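> Chain by chain, the residues run as shown.
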Amino acid sequence: LAKTTQPISMDSYEGQEVNITCSHNNIATNDYITWYQQFPSQGPRFIIQGYKTKVTNEVASLFIPADRKSSTLSLPRVSLSDTAVYYCLVGDGNAGNMLTFGGGTRLMVKP
Amino acid sequence: GAGVSQSPSNKVTEKGKDVELRCDPISGHTALYWYRQSLGQGLEFLIYFQGNSAPDKSGLPSDRFSAERTGGSVSTLTIQRTQQEDSAVYLCASSLVGSGALQETQYFGPGTRLLVL
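If you're matching them up, the sequences are chains A and B in order.
With our numbering applied, the first sequence corresponds to residues 1352 to 1462, in that order.
With our numbering applied, the second sequence corresponds to residues 166 to 282, in that order.
Be aware that one or more of the hints could be misleading.
If we take Cβ atoms under 7 Å as the criterion, some of the chain A residues that face chain B in the derived model are [said to hold, decoys possible]:
1) Y1364
2) G1366
3) A1379
4) G1401
Sample of chain B residues lacking proximity to chain A, with all beta carbon distances greater than 12 Å (derived) [to be verified]:
5) E179
6) G181
7) E209
8) G224
9) E233
10) G237
11) V239
12) T241
13) Q245
14) E269
15) T270
16) Q271
17) Y272
Simulated from the structure, these hints should not be mistaken for lab results.
Computed from a predicted model, the values in this text were never measured in an experiment.
Ideal placement from N, C-alpha and C gives every residue a C-beta, glycine not left out.
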């Protein structure tokens, strides 16, 4: 089971780009990388998923280097409403792998 | 409904009492998951249902915890003889197929906040 390591917390200001890096040194060949976002008093919400290189959607971008031992979630021009906990998950097609959330990164966006 | 719903939203109970938490998954989703989240912590997997298959109960913390899913839809998580350490937010999620592939998005409900006094 691939273990992930993320910073416990980060601070930013409105309008800035935020990059949250997740380390997953023992990622397996079939593993995908997925990020979820959780607002206070809500369940987590899927943000983005990727396997290699770069993935972009309307919410964020995900950068994955060639060795795939880390990944970076990039949030462009954050606003106060982006204050949340961001979870990085790594796993493959086995149910046990996809069900493990770490402590996440608590992002605080300040005015 | 449009999303996963859970009830009650909040539950306060006394130590030793039994509680039942309900989850209504998104219509058509065959997979259903229960997680527990203690204050300021990440999510802890409890149990996973996929269609009519036997559930994966590997995450249940003790035999006081049980869950069932009737008709492949609504699920109930039951905690017997509640203890103070059971206080947490209990989250339910569903996904379309539940193949176990991480490619599949899990849709979470708002959770039930359980406080055991």
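> So, against the hints stated earlier in the document, which numbers end up violated here?
1, 2, 3, 4, 7, 8, 14, 15, 16, 17
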